[in-house]
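Using the sequences and the hints, build the whole thing.
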Amino acid sequence: MSYWKRRWDRHLDGLQDDDPCRQVGRTLHQQPMGATMFRSMLARVVDQLELQPDHRVLDLCCGNGLLSTEIAAHCRSVLAVDFSHELIKQMAAQRRLNVTAIVADAVNVCFRPASFDRILVAAAVQQFTEPEVIRLFERMASWLKPGGILLVTDVLDSERIWRFYDTEQRRGLYFEQTMAGAPILGTWINRTWLRHLACHAGFEQCVPMEQPSSYWYSHYRFDFVCRRRTRHMARG
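Each step along the sequence shown adds one to the number in the numbering used here, with nothing skipped, and position 78 is 97.
Treat the hints as calculated values from the structure; they're not laboratory data. Ideal Cβ positions, reconstructed from N, Cα and C, are used throughout, including at glycine. One or more hints might be untrue.
Claimed, not checked - The calculated label-pair distances, taken between Cβ atoms and stated as ranges, are: (1) Asn117 x Glu187: 47 to 55 Å; (2) Arg29 x Ala111: 31 to 39 Å; (3) Leu34 x His238: 33 to 41 Å; (4) Pro72 x Arg131: 19 to 27 Å; (5) Arg114 x His215: 37 to 45 Å; (6) Pro150 x Glu105: 39 to 47 Å; (7) Arg114 x Thr249: 19 to 27 Å; (8) Thr206 x Asn127: 33 to 41 Å; (9) Trp212 x Leu116: 17 to 25 Å; (10) Ala199 x Val65: 36 to 44 Å; (11) Gly191 x Arg250: 47 to 55 Å; (12) Ser177 x Met198: 36 to 44 Å.
Take a look at the structure:
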């Protein structure tokens with residue numbers, strides 16, 4: 020994750036304002052996401068997570084808590100985790116009583132089994148390699164209570180990669196950056212691969228979901244929701 024940590028540090032160092040969407044890269048043509056789209060995205064996340072007042076939620080790779088502090092109004096507590104000290108500091112300044120923020124790398128962070136009712140990974144899974152994604156899903160399954168829901172948003176869709184790299188210049192940059200070990204967006208994931216991985220890790224009802232066409236990134240990203248199995252099933 021050191022590559023992504025350096026990228027985020029450079030991004031934050033270069034910011035000229037404190038817009039929360041700009042802080043976490045929710046921009047298009049250098050313009051931050053507006054309030055209307057954010058409220059729509061938030062409502063969709065709350066609905067997909069099926070949040071209840073007694074739920075304990077893990078927001079992994081939470082950034083500046085753009086979603087953490089909002090979904091906290093719909094559940095008992097939120098544990099928000101990110102590797103950026105600066106972004107965690109931005110969230111802590113909001114002082115939500117039922118939100119706890121910690122600085123930790125998602126690759127290494129550990130929790131006790133069945134600690135959470137819900138886990139959210141929003142717009143971040145692309146910052147893991149495929150082996151890291153496999154390990155992360157296995158660990159997240161153990162952290163969830165039986166029947167708990169995992170929601171992964173904004174997954175880069177490998178079947179639609181050329182919708183993003185849609186010019187010769189962009190495609191050239193993609194190949195150059197990939198060879199240099201410095202991907203522009205990160206890991207592109209196949210939907211079928213992700214569904215099989217989730218089943219392997221201990222999830223069921225694994226569903227890739229299209230984003231609303233009004234969302235800026237819907238032409239090359241998808242959401243993924245699955246539920247922790249309620250009973251043990253042997254793998255393979």
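Evaluation of the provided hints:
1. Here the CB-CB span from Asn117 to Glu187 is close to 50 Å, well matched to the stated 47 to 55 Å.
2. A C-beta distance of roughly 22 Å is found between Arg29 and Ala111, which places it outside the suggested range of 31 to 39 Å.
3. Roughly 27 Å separates the CB atoms of Leu34 and His238, a value that falls outside the hinted 33 to 41 Å.
4. Separation of Pro72 from Arg131 is about 22 Å and conforms to the stated range, judged on CB atoms against 19 to 27 Å.
5. For Arg114 and His215, the Cβ-Cβ distance of about 42 Å falls inside the hinted range of 37 to 45 Å, so the restraint holds.
6. Take Pro150 and Glu105: their Cβ atoms lie about 28 Å apart, and the range 39 to 47 Å is violated.
7. A hinted range of 19 to 27 Å for the beta carbons of Arg114 and Thr249 is inconsistent with their spacing of about 37 Å.
8. Checked against the hint of 33 to 41 Å, the pair Thr206 and Asn127 fails, with Cβ atoms roughly 18 Å apart.
9. Remark: the range hint 17 to 25 Å for Trp212 to Leu116 is contradicted by a beta-carbon distance near 40 Å.
10. Here the CB-CB span from Ala199 to Val65 is close to 39 Å, well matched to the stated 36 to 44 Å.
11. Range check, Gly191 to Arg250: about 50 Å between beta-carbon atoms, so the 47 to 55 Å window is met.
12. Evaluation of the 36 to 44 Å hint for Ser177 and Met198 yields a failure: the beta carbon distance comes to about 18 Å.
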